[in-house]
Amino acid sequence: MDIIFVLAGLAGLFVGGEALVRGAVAIAQRLSLPPLLIGLTVVGFGTSMPELLVSLQAALKGAPDIAIGNIVGSNIANILLILGITALVWPIRVSGGSLKRDLLVMIAAALALIPLFVGGQIGRGAGLALFAGLVCYLLWAFLTPGDATEDNAPPAGRSWKSVFWVALGLALLLVGARLLVDGSSNIARQFGVSEAFIGLTVVAVGTSLPELATSVVAALKRQSDIAVGNIVGSNIFNVLGILGVTAVVSPVPVTARFAAFDLPVMIGASVVLAALLLARPVVGRVPGALLLLGYGAYVWAAQG
Numbered sequence: 242m243d244i245i246f247v248l249a250g251l252a253g254l255f256v257g258g259e260a261l262v263r264g265a266v267a268i269a270q271r272l273s274l275p276p277l278l279i280g281l282t283v284v285g286f287g288t289s290m291p292e293l294l295v296s297l298q299a300a301l302k303g304a305p306d307i308a309i310g311n312i313v314g315s316n317i318a319n320i321l322l323i324l325g326i327t328a329l330v331w332p333i334r335v336s337g338g339s340l341k342r343d344l345l346v347m348i349a350a351a352l353a354l355i356p357l358f359v360g361g362q363i364g365r366g367a368g369l370a371l372f373a374g375l376v377c378y379l380l381w382a383f384l385t386p387g388d389a390t391e392d393n394a395p396p397a398g399r400s401w402k403s404v405f406w407v408a409l410g411l412a413l414l415l416v417g418a419r420l421l422v423d424g425s426s427n428i429a430r431q432f433g434v435s436e437a438f439i440g441l442t443v444v445a446v447g448t449s450l451p452e453l454a455t456s457v458v459a460a461l462k463r464q465s466d467i468a469v470g471n472i473v474g475s476n477i478f479n480v481l482g483i484l485g486v487t488a489v490v491s492p493v494p495v496t497a498r499f500a501a502f503d504l505p506v507m508i509g510a511s512v513v514l515a516a517l518l519l520a521r522p523v524v525g526r527v528p529g530a531l532l533l534l535g536y537g538a539y540v541w542a543a544q545g
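Using the working numbering, you'd call the opening residue of the sequence shown number 242 and step up by one each time.
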């Protein structure tokens, strides 16, 4: 059954990714919005739902390390693992005029965690402040959406079909991620893999699988703006939205290792992502391979 869960989860992820990208691109065209903006909001936030569910459950069950580790680990995986794989599948070219703004917000959100992590506690006040930052960012993003692409002619057909594809894609991504995480966790335990290693790999990477599926499908469909917007938007939502909501529901203590090791890696990966996207017109397969090597090094170092 575990193998069936894994296979069904993979199928759900990639079918869901296809549906979500199809619907998101159609919505962007209908509203004359840049695909990058849709990727940052509808796609990026939607694919972060597994992180939200896992972090909330972990905080309520008294497992703050899982709640924090899920968010930080997912952001690291989004950049080093998912962007790396996406660039290997198809070189990434992003032309969104608002990209500098969005990358700045992503880095600023990561830096805002430094005093919170060093202080060892994220209380309800800090959680409200993080969530308020998300609201301000969303208002900023929709008031200054950037330029729509030239091929953004409204597609034929009814608007409800685009919304249906987005909703169907999100539902399949959530179900697929849950099946894959449950199946792979059980298989890992059967082979005697430690709970700590399962948490580091299966939980953080597993909740990022919707981002992986969506970004890879977007790359295959030559929708680089959707692929990158998905990653950047998800990272912003993970910090400001998920951590903010989690802390409001239940204040989260932060162990010292996150401030000493994992958060600096997350900030460094965010800076590397910004440098790649702003300095190069195309992020090709060589940078993608280097990002994957960086993720492998992080996983190896994190075990010790």
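These are calculated hints, taken from the structure and not from any lab test.
Where is the CB? At the ideal position from N, CA and C, for every residue including glycine.
Incorrect hints may appear among the rest.
[Said to hold, decoys possible] Straight-line distance between alpha carbons at most 25 Å, and here's what the computed SDA-like set of lysine to any residue pairs gives:
1) Lys462 - Ala497
2) Lys341 - Val540
3) Lys341 - Val490
4) Lys462 - Leu380
5) Lys341 - Val416
6) Lys402 - Val256
7) Lys341 - Leu384
8) Lys341 - Leu274
9) Lys341 - Leu380
10) Lys341 - Gln362
11) Lys341 - Pro494
12) Lys341 - Gly374
13) Lys341 - Gly535
14) Lys341 - Leu379
15) Lys341 - Gly525
16) Lys402 - Lys341
17) Lys462 - Lys302
18) Lys341 - Gln270
19) Lys402 - Ser273
20) Lys462 - Val527
21) Lys462 - Pro505
22) Lys341 - Thr496
23) Lys462 - Gly374
24) Lys402 - Leu461
25) Lys462 - Val416
[To be verified] Computed spacing ranges between beta-carbons, pair by pair:
26) Lys302 - Lys402: 35 to 41 Å
27) Pro505 - Leu369: 39 to 45 Å
28) Gln544 - Gly360: 24 to 30 Å
- For which of the previously enumerated hints does the structure constitute a violation, in increasing order of number? 1, 2, 3, 4, 5, 10, 11, 16, 17, 21, 22, 23, 27
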